[in-house]
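The numbering of the sequence shown is this note's numbering, which starts it at 1 and goes up by one.
Bear in mind the hints are in silico, worked out from the structure with no lab data behind them. Think of the CB as a built atom: it goes at the ideal place given N, C-alpha and C, for glycine as much as any other residue. Possibly wrong hints are sitting among the right ones.
Across the chosen pairs, the derived CB separations fall in these ranges [what the hints assert, rightly or not]:
1. Leu189 with Arg15: 27 to 33 Å
2. Gln269 with Arg155: 37 to 43 Å
3. Leu19 with Val188: 32 to 38 Å
4. Val69 with Asp296: 30 to 36 Å
5. Ala98 with Ser248: 21 to 27 Å
6. Arg279 with His16: 35 to 41 Å
7. Arg247 with Ile52: 19 to 25 Å
8. Arg155 with Thr9: 41 to 47 Å
9. Gly205 with Pro234: 31 to 37 Å
10. Gly246 with Thr97: 18 to 24 Å
11. Asp292 with Ala65: 43 to 49 Å
12. Glu268 with Ala120: 43 to 49 Å
13. Arg119 with Leu189: 15 to 21 Å
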Amino acid sequence: MTPALGELTPEQALRHLELLFTRHPDGLLQGDHPSLVPGPGDEVAETRPYVIGDDVRRMDWNATARTTVPHVRLTLADRELTTWLVLDTSASMDFGTARMEKRDLAVGAAAAVAFLTERAGNRLGAVFAGQGPGDHPPGGGPYGGRRIPPRTGRRHLLAILRTALERPRVTPGPPAHHLADALHSLRVLPARGLVAVVSDFLETGWEQPLKTLARRHQVLAVEIVDPRELDLPPVGLLTVVDPETGRSREVSTHTRGLRERYARAALEQRALIRQSIRRSGAAHLRLRTDRDWVRDVVRYVETQRRRAGGGAA
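Kindly generate the complete structure, drawing on both the sequences and the hints.
Written out as structure tokens, the structure is:
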């Protein structure tokens, strides 16, 4: 079982994450894994028949007209890729009832993206959204949050992950820097690249900035979920706190009707998040705190490769 990052020191956690994605004992990630999503790139490599799940924006209409069968273009990834990590550090991420807290899983997801896109010449940058008052380390970006410029090298990669691991907990309340602001700050990036957004997406207002970003860049939305956000167990009287406002109230979980209403509302909320990500044009990966997240990342990578290679989705 993958240990919880919160139980390790920052040095141990960094070493653990590095081993997971370079020399995993099960061999899950051995070999050449260029990225979590195909591309980005502009040079056409080949065309192949369309399969369900392909990006319709890559349709090759000339080949489709010649063969009367829908075809898509496959492009070669740019030799030097710039990857941006957008990490949600709002108070709602400081929550977890299973193997780990959402904040730890978010760092793991960021590490997966970082190590799987690490190549000579590739650059990695990061933006931290949602930090609360008093949590303003040096390097603030134009939108007011923490922004680390992209650079090359393993030392820089580990420094970004260390910053995420050592982030102090946030007092419940409205975030000082919203996820939408962080996404909006990346709209003027000079070149196409990969943007990985790691969040629970419980805020509002991120939909349009994500869509705008996906028009120019390859975007991966990593949704972080805890099982208690989907249903309530019958454990009696609970005091629940809204991390975005700090307000609290007591609820009786013995009431079956309340638990059913909560589950329905949670299901509708997650369906809306999924639809919003899909409409934006971003790729979508959901990770849960009660699952083996490393295996879920591997399955996602393999699914993307099968699609890019023309296999079954």
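Inset, instruction - Kindly indicate which numbered hints from before are broken by the structure, ordering the numbers from low to high. - result: 7, 8
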